[in-house]
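With the hints as constraints, model all of the structure from the sequences given.
If you want the building blocks of each chain, they are given just below.
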Amino acid sequence: MNLLSSPFTRQSLKTHELMRMVILCCIPGILVQAYFFGYGNLIQIALAAATCWGTEAIIMIMRNRPALRITGDHSALLTGVLLGIAVPPFLPWWMTVIAAVFAIGVVKHLYGGLGNNLFNPAMAGYVLLLISFPVAMTSWQPVAALSQHPVGVWDSLQLVFTGFSADGFSLQQVRMTIDGIAAATPLDTVKTDLHQGLTLDESMLKPVFGSFAGAGWEWINLAFLLGGLYLIYRRVTSWAIPGGMLISLFVCSAIGFAFSPDGTASPLLHLFSGATMLGAFFIATDPVSACTTVRGRWIFGALIGLLVYVIRTWGGYPDGVAFAVLLANMCVVLIDHYSKPRTYGHKEAR
Amino acid sequence: MIDVKKLLTSDQLWDYAGGVFPEYRKEQSRQLPIQPAWIPPFVRVPIRQHIGQSGNLIVKVGDHVLKGQLLTEPTHGMAVPVHAPTSGIVEAIGQTPSNHPSGLNEISLTIRTDGLDTWCERKPVADASTLSDNDLLQLIRYAGISGMGGAGFPTEIKLTPVNPIELLLINGAECEPYISADDTLMQALAEQVVAGIELMARLLNNPVVIIAIEADKPKAIAAMEQACADWEQVRVRTIPAKYPSGGERQLIQIITGQEVPSNGIPADLGVVVHNVGTAYAVARAVYQDEPLIARVVTITGNRVLKPANHWVLLGTPIDALLHHHGLDQLDPVIVGGPMMGYQLPHAEAPVIKTTNCLIIPSQDELPSADRQMPCIRCGSCAEACPANLLPQQLHWYALAEDQDKLNEHNLFDCIECGACAYVCPSEIPLVLEYRQAKAMIRSSRQEQLKAERAKQRFEARNERLEQEKQARAEKHKKAAEARLKAMADKPSSSASESSPDSATKQSAAVAAALARAKAKKASQQPQKTMIDAAGQTVPDNSDVAAMREARKAEARAKKAQKQSSSASGNGASDKSAAVAAAVARAKAKRQAQASSTEPDAQQPLAATASNAADDKAARVAAAVARAKAKRDAAQHSDAKPAVTAPSEEQPAADDKAARVAADVARAKAKRQAQQATDTDQKPQPTSAAEPAQDKAARIAQAVAKAKAKRAQQAAQDDSEQ
Numbered sequence: 001m002n003l004l005s006s007p008f009t010r011q012s013l014k015t016h017e018l019m020r021m022v023i024l025c026c027i028p029g030i031l032v033q034a035y036f037f038g039y040g041n042l043i044q045i046a047l048a049a050a051t052c053w054g055t056e057a058i059i060m061i062m063r064n065r066p067a068l069r070i071t072g073d074h075s076a077l078l079t080g081v082l083l084g085i086a087v088p089p090f091l092p093w094w095m096t097v098i099a100a101v102f103a104i105g106v107v108k109h110l111y112g113g114l115g116n117n118l119f120n121p122a123m124a125g126y127v128l129l130l131i132s133f134p135v136a137m138t139s140w141q142p143v144a145a146l147s148q149h150p151v152g153v154w155d156s157l158q159l160v161f162t163g164f165s166a167d168g169f170s171l172q173q174v175r176m177t178i179d180g181i182a183a184a185t186p187l188d189t190v191k192t193d194l195h196q197g198l199t200l201d202e203s204m205l206k207p208v209f210g211s212f213a214g215a216g217w218e219w220i221n222l223a224f225l226l227g228g229l230y231l232i233y234r235r236v237t238s239w240a241i242p243g244g245m246l247i248s249l250f251v252c253s254a255i256g257f258a259f260s261p262d263g264t265a266s267p268l269l270h271l272f273s274g275a276t277m278l279g280a281f282f283i284a285t286d287p288v289s290a291c292t293t294v295r296g297r298w299i300f301g302a303l304i305g306l307l308v309y310v311i312r313t314w315g316g317y318p319d320g321v322a323f324a325v326l327l328a329n330m331c332v333v334l335i336d337h338y339s340k341p342r343t344y345g346h347k348e349a350r
Numbered sequence: 001m002i003d004v005k006k007l008l009t010s011d012q013l014w015d016y017a018g019g020v021f022p023e024y025r026k027e028q029s030r031q032l033p034i035q036p037a038w039i040p041p042f043v044r045v046p047i048r049q050h051i052g053q054s055g056n057l058i059v060k061v062g063d064h065v066l067k068g069q070l071l072t073e074p075t076h077g078m079a080v081p082v083h084a085p086t087s088g089i090v091e092a093i094g095q096t097p098s099n100h101p102s103g104l105n106e107i108s109l110t111i112r113t114d115g116l117d118t119w120c121e122r123k124p125v126a127d128a129s130t131l132s133d134n135d136l137l138q139l140i141r142y143a144g145i146s147g148m149g150g151a152g153f154p155t156e157i158k159l160t161p162v163n164p165i166e167l168l169l170i171n172g173a174e175c176e177p178y179i180s181a182d183d184t185l186m187q188a189l190a191e192q193v194v195a196g197i198e199l200m201a202r203l204l205n206n207p208v209v210i211i212a213i214e215a216d217k218p219k220a221i222a223a224m225e226q227a228c229a230d231w232e233q234v235r236v237r238t239i240p241a242k243y244p245s246g247g248e249r250q251l252i253q254i255i256t257g258q259e260v261p262s263n264g265i266p267a268d269l270g271v272v273v274h275n276v277g278t279a280y281a282v283a284r285a286v287y288q289d290e291p292l293i294a295r296v297v298t299i300t301g302n303r304v305l306k307p308a309n310h311w312v313l314l315g316t317p318i319d320a321l322l323h324h325h326g327l328d329q330l331d332p333v334i335v336g337g338p339m340m341g342y343q344l345p346h347a348e349a350p351v352i353k354t355t356n357c358l359i360i361p362s363q364d365e366l367p368s369a370d371r372q373m374p375c376i377r378c379g380s381c382a383e384a385c386p387a388n389l390l391p392q393q394l395h396w397y398a399l400a401e402d403q404d405k406l407n408e409h410n411l412f413d414c415i416e417c418g419a420c421a422y423v424c425p426s427e428i429p430l431v432l433e434y435r436q437a438k439a440m441i442r443s444s445r446q447e448q449l450k451a452e453r454a455k456q457r458f459e460a461r462n463e464r465l466e467q468e469k470q471a472r473a474e475k476h477k478k479a480a481e482a483r484l485k486a487m488a489d490k491p492s493s494s495a496s497e498s499s500p501d502s503a504t505k506q507s508a509a510v511a512a513a514l515a516r517a518k519a520k521k522a523s524q525q526p527q528k529t530m531i532d533a534a535g536q537t538v539p540d541n542s543d544v545a546a547m548r549e550a551r552k553a554e555a556r557a558k559k560a561q562k563q564s565s566s567a568s569g570n571g572a573s574d575k576s577a578a579v580a581a582a583v584a585r586a587k588a589k590r591q592a593q594a595s596s597t598e599p600d601a602q603q604p605l606a607a608t609a610s611n612a613a614d615d616k617a618a619r620v621a622a623a624v625a626r627a628k629a630k631r632d633a634a635q636h637s638d639a640k641p642a643v644t645a646p647s648e649e650q651p652a653a654d655d656k657a658a659r660v661a662a663d664v665a666r667a668k669a670k671r672q673a674q675q676a677t678d679t680d681q682k683p684q685p686t687s688a689a690e691p692a693q694d695k696a697a698r699i700a701q702a703v704a705k706a707k708a709k710r711a712q713q714a715a716q717d718d719s720e721q
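Heads up: the sequence lines are chains D and R, in that order. UniProt numbering numbers the first residue of the first sequence as 1 and each following residue consecutively. UniProt numbering numbers the first residue of the second sequence as 1 and each following residue consecutively.
Have a look at the derived ranges for each label pair, beta carbon to beta carbon:
#1 D:I232 / R:R371: 21 to 29 Å
#2 D:W239 / R:S362: 35 to 43 Å
#3 R:E365 / D:G163: 52 to 60 Å
#4 D:I232 / R:G94: 57 to 65 Å
#5 D:M330 / R:R445: 35 to 43 Å
#6 R:K219 / D:F212: 50 to 58 Å
#7 D:C331 / R:D328: 56 to 64 Å
#8 D:L118 / R:P240: 37 to 45 Å
In short, the hints are calculated from the structure, not lab data. Just so it is clear, CB atoms sit at the ideal spot from N, CA and C, and this is done for glycine as well.
Okay, structure coming up:
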């Protein structure tokens, strides 16, 4: 027994257990996503996670570190899972591999490994793809119920690895909805329609929308919300970042909606579309690249919420969580510096 | 300031930032009764068991001591005495392992107990009101009481604060897991604890008294409430069980809502905090006249068969104590609680005044942190920190040894409670890092202080040297002026008159010194005149130069005066000195007057030379004369000093000097050859080499070397031209 220094007792949750808990809390969201979008995402998650894990192991071996012990912290796995969730289900396999290798090799380990990366590895990998392959990265197929060509496991594998389903349909064909139009995500649809002069209500009548937000997407977001709430309940993460982000996004969209109810997306649509909940509870909460003070985390979250709204409303991309997270990562040091808590026995600083 | 009256009525409690909720694990040990003390075969009483200095030993080896007998006398304010915990014989006084995380040795008394437990004479006080405050304080001091909850600060000092105290806060929180010593003490002996509190309150001019106890000790709360039911100024407050509520600063915040200033002490707020154990010790000291010789110690942990609280004599070796309780394998033993305690480095260390708990955990009870991971900045530590610090940032800066940032993040406000490390999912030993960082900063502050002092010393020295230099320069200037004046006043023939005088009447030593000085001055002259001769235009600053030379010469003469004392008895050197003096003076005069030669300056020189009895001197003089004659013939006055300069090197004894002289001569000859196409003087200087006194020789050697160098330079200059 080697008891170096007090304290000699510690709470039970360790870093690798935290990471594992986060992964487990993704499962409801992943399952709902698989239900609506088929097996593609499961393939992507497996692919990305395996690549991330493998990349980390190789780098650890290169750096002469205990590879099994370090990869055992599950942080690379988590990066892979989040990346796999975020990319479109039938993205060509090599793109996912590129993103995963970039995320772990460059964004994480070139900066010194766990605890030292400035940027969220999963989102950096995602953005790399988004910038390099914008069409592929925004090519989500319609939810299964709307799809003209429903795809099974084998079809999905074929699509990911060859670009064509077992029946010989290309990705573009698979993406056709029953009415013969290539599907766009709800956020994309709203953006295009509003741009074309349609009102929100008119746009919302389209089949890509469900009962209160995007068809399928609303349930996926709810599932991630559920997982996130459990994380907070288990004190794996705190309210600050998700709270800050969701409140900020709600406030921004509510203000916009109050001024122009027809011309902007509703707060509900913002909160339950795209990667909002995934981003709020699983991505922005990556502690390494987020702010570290409690006040700073609220600010950090709020900044992401604001940026998401700005990018969705005026930006060139339909969703903006990944960009918002990376931009906020850049502000972390500054926010941390100005959000130091007042130490016991000290006067309020400046 | 704090509204203390309101504290007696209001139910408000405040909360401090952070805090953690570790498993308390107190149930196994908190049952009554407190087990009676066991008398070990020997006790080891360290003479210092608190924060401050030790007293002076007043017993010696072989003395028989009685229970309660004073072993050390407190000599200064921060000293607290120690007492014999039982009767026995002082077997040894020496260095033994201390009950401290460092495990360093410390001075302790080893007392072989006799098992009789015989008390020394006691004078219990039945009614404390008969004692004056001062008597009471002395009694507390001589009872060896220091804080029993934490660091062990002398109690008497905390009872005589500088500021008026409005609130006496009695700390019965006992927030550390495992420990139940205060809990059982309050349960069993509430009356005496309250009696002690009353004495403390009296010494502090009856402030409001709040007794704070954590909510997980209902029996202790009930007992204390009952014990102080008929006392109006006191109130027992139940505070939520949270770690570290028992920290002094945290407790003050919970009860009053105020924060103790960072660099201040609780007394700045009009608050003083004492532990319940200390209060009990005070009552015991006054009413039983029993000094602090035993305390309640919780012995617990999964390896202990019957965890319980025990009275333990201070000085009982921990290994013996645990053996007595049926424990053989003693690694590890944790002293104090699991949050702030330390692993005992040596099991033979004794129980001391601050030892409140001994934990002997099983293998899996307090698992060691063996899987440290990188910090992921999760911020759990910041949420747990009761001082509202940012432990994750401190960790970062501690690793980088960035002292500025550590100070900026208020490292020194860390109370080392361990809450951050407790919650750290990466199992980083944060408290250890902070302790090391603090030590690093402290030592570098010491270094800075030392460097600052050294700098001040150095600057003071420089200033002093500068002042001395200026004073010297001033003196020299005056002397030179006086000298110049004297020279101007005297007629030019005075040199010829004074030279025989000095040879016969004046002290030879003084003459020699003066001569050497002047000779030097004279020898320096040729350089300039040579240049003149070579056709270079040199401003006519010979007067100024003479002044400067005179000043230098004076200094050198003084020095030489001291050195030449050994040569004074030598007749031969006296004579030669006299000759040289004459030569030099003559030259000085000549040069001081003008760069052009005056014939009358050479006449006395020749005369002096002929007067000299010694062969060598005669030869030199002859040579000089010859040289001058030649030079006169050649119309070059400048060449002469170059020859006389080597003639000063007569004492040069060894070959080296001779060689140097030869070199000099050669160089000069070259010059002269260029100037006057005359080489007659060359052999003369070599003949000047003669054995002489060692000292004189060495001085001369140095002079010769210097001159040789100069001459060589001059020669080079010339040859270049």
